[in-house]
Amino acid sequence: MDDAFLAGGGQLTAQLEHSELQISTSNEHERALHMEQQNSRREMIKKCLAVAATAGAAGTLSNTVLSTANAKEANTVSTIETFDLIIVGAGTGGLVTAIEAYDQGLKPLLIEKMDLPAGNSIYALGGVCACGTRFQKEAGIDANKEDLFTDMMAVSAGQADPALTRTYVEQVGGAVDWLQDTVGLKFLKMIQMPYPFLNRLHRIDGGGITGGGKLIRLLVAACKKRNIPLHFNTKAVELITDSSMSVSGVRALTDNGLVDFKARGGVVIASGGFSANSEMLTAYVGGVMAKIPLRGSPYVTGENISLAKPLFAKLVNLDQFHCGPILAATHVNPADALSNGHGVILDLRGKRIIDESNTYVTKARLLPVVTPENKAYILLDSRWAKAEHMVKKFTESNSPFFQDNTVEGLANKVGLPVDAVISSVNGYNNALKDNKLKELTPPCSYKTPEPLDRPPYYAFPYEAGMTATFGGPKINVSAQVVNMEDRPINGLYAVGNAAGGLFFKDYIGGSQLAGATVFGRIAARHIAQICKKANKA
Amino acid sequence: MKNALTVFALLAMNFVFTSSSMADEHLADRHRKLQVKCASCHGETKPFTAPKMDKCLSCHGGSYEKLASKTAHTHPNPHFTHIGDKECSSCHKGHKESQLFCNDCHAFDVKVP
Ligand SMILES: Cc1cc2nc3c(=O)[nH]c(=O)nc-3n(C[C@H](O)[C@H](O)[C@H](O)COP(=O)(O)OP(=O)(O)OC[C@H]3O[C@@H](n4cnc5c(N)ncnc54)[C@H](O)[C@@H]3O)c2cc1C
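Read top to bottom, the protein sequences are chains A and B. Just so you know, we're using this note's numbering here: the first sequence kicks off at 268 and counts up by one. Just so you know, we're using this note's numbering here: the second sequence kicks off at 28 and counts up by one.
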């Protein structure tokens, strides 16, 4: 990757270090200095352009004119030329917004607090849930909008915002086509999957890495192609508002101190959720669930809430999150072993604890509730056709699992109480014979249960892990953040996991990446309209 | 029960692989033998921060893609990952033992030179 691009404004900043412009941090002062600033800023911009041109940086950063004083030393905040929109966070939502905004003729600035896109997107396996895509049509698959709408509402227990859900199903087909055409995303052959995925899961071809990691690489490349300024190591710390409390910019912490970035059309919060913020998890989610291991990024820390809350944004669904199985020590994903319709789940005392017919999500979610350790084993036998596949996956990632020709031997190897394990397995087999599986405690409601009797036997460990949080500032169908009175806050947008309203309880696999894409594009197009109107006026 | 639980906790430690075979000679020392100076890696003669990747890449293929093709046989390929193109020094240390930062989360048996 080319350096100027990676460093964002860093290079230019260095060039401009000795400019005299200094603007006070205090709000009072700021207002008093307003007129003065306007003038000196105009001058500044002229100067910057000159310096940038001499530095030869104007080419790479043609859209950026960064003016900054030696802010750190002078204890002041630098000010910056105005953009059409400023996007906070370079995940799927943020990068999509930047690309679409640029293609709409806008001048976006994307700021990212880490040295690379470091949010949940790079950990995502890379399923994208959609209907009506060209990819589906070409494969002769008819996945319709009504069914997707119904299923999305169902997995959210009816609590998802119906208008946002409707918007999603209407626009996701086009959004996925756009990912293919504009971004160059490729998918693996579509396969029929169990509910609620069905024939809607577009699996990103990662070419050796996670699909999400591939998506981010392609999105960054698309930004680079357009020379969209992407400033790394730049953390949004506060929204800037004008006298009518419309959002007019972002104050950010950079290597050179605080900088105020101004936006004509709006600010888009795309900073992800708060799955790595222990204070928020404790406060909003609470109890044992606030303590489970993290599946994804350690850097999604709730700036969606801390940035928007001071503007009286309506915060919704804060207790909602997605939980999935994981083995924290190696981050291997044991989901396949948990969703194959076979096997018993045993806790560390060798007892069955969960109805195994639940989805893998529920089986993860219940674990911290039904066991004090949040740890269990799924015990399987060789009737499971894909056992070898799982063995390979665990072996390749140096993840521990156990295998033996007898249940007793297996229990010994794992270190579980042997008698308890044997009695659990026999209890399951006998109940199956007597057609009494549903009378077990807990019941087992497999649709087509099979006995556990074919060696070798396997035990795969798993824990419940935090995938992503669903809560945040509520958005409307234009991706605008709304306030307590359900009115849009002028100039403020949220997309991806930063936004609240689209998800509750659970999500259909693949609809988070797709949701970030759909609403990222919507935010960009809405801001384009705002800017057009402003230009006319 | 003890064993069944330790699987979860101690696993990571069992799989911390180091490049101990080269214990007393670190990457910077090996480069010095090849006449690579402090400034070639650090960009300055009196360094105080880790080198930036453009310095390393100026001698090593010019891009992450080139590097990745050199190590394509290694699983996982350390130069093409879902994390993205990290600074080289997050794995390759100059003056101490190198480490695969991926093993904060994983337990790959891969040695970093
Ligand atoms: C293991 C795992 C597997 C998953 N699999 C799937 C899947 O297959 N399909 C699917 O649809 N979803 C999946 N998800 C969920 C999906 O990854 C997320 O929903 C999605 O990546 C969210 O994208 P985003 O753009 O909202 O945020 P993120 O990708 O989290 O990006 C947010 C960015 O904002 C930056 N940031 C945060 N605060 C600031 C600040 N103050 N200033 C500047 N920058 C900031 C962060 O550093 C980060 O780069 C999975 C998640 C995990 C953890």
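Please note that the accuracy of each hint is not assured.
As the list claims (entries may be wrong) - Cβ-Cβ distance ranges computed for the label pairs, FRET-style:
no., chain 1, residue 1, chain 2, residue 2, range
1, B, T72, A, K491, 41 to 47 Å
2, B, H58, A, E675, 35 to 41 Å
3, A, G451, B, K73, 40 to 46 Å
4, A, K799, B, E114, 37 to 43 Å
Hint data in this document are derived by calculation from the structure and do not stem from the laboratory. No experiment lies behind these values; they were computed from the predicted model shown. The C-beta atom is built at its ideal place from N, Cα and C for all residues, glycine as well.
Consistency of the hints with the structure:
Take T72/B and K491/A: their Cβ atoms lie about 33 Å apart, and the range 41 to 47 Å is violated. Between H58/B and E675/A the beta carbon distance is about 56 Å. The supplied range of 35 to 41 Å is therefore violated. For the hinted restraint 40 to 46 Å between G451/A and K73/B, the CB-CB distance of approximately 44 Å keeps it satisfied. Judged by the Cβ atoms, the range 37 to 43 Å given for K799/A and E114/B holds: they are separated by roughly 41 Å.
Consistency with the previously given hints fails for numbers 1, 2, ordered from lowest to highest.
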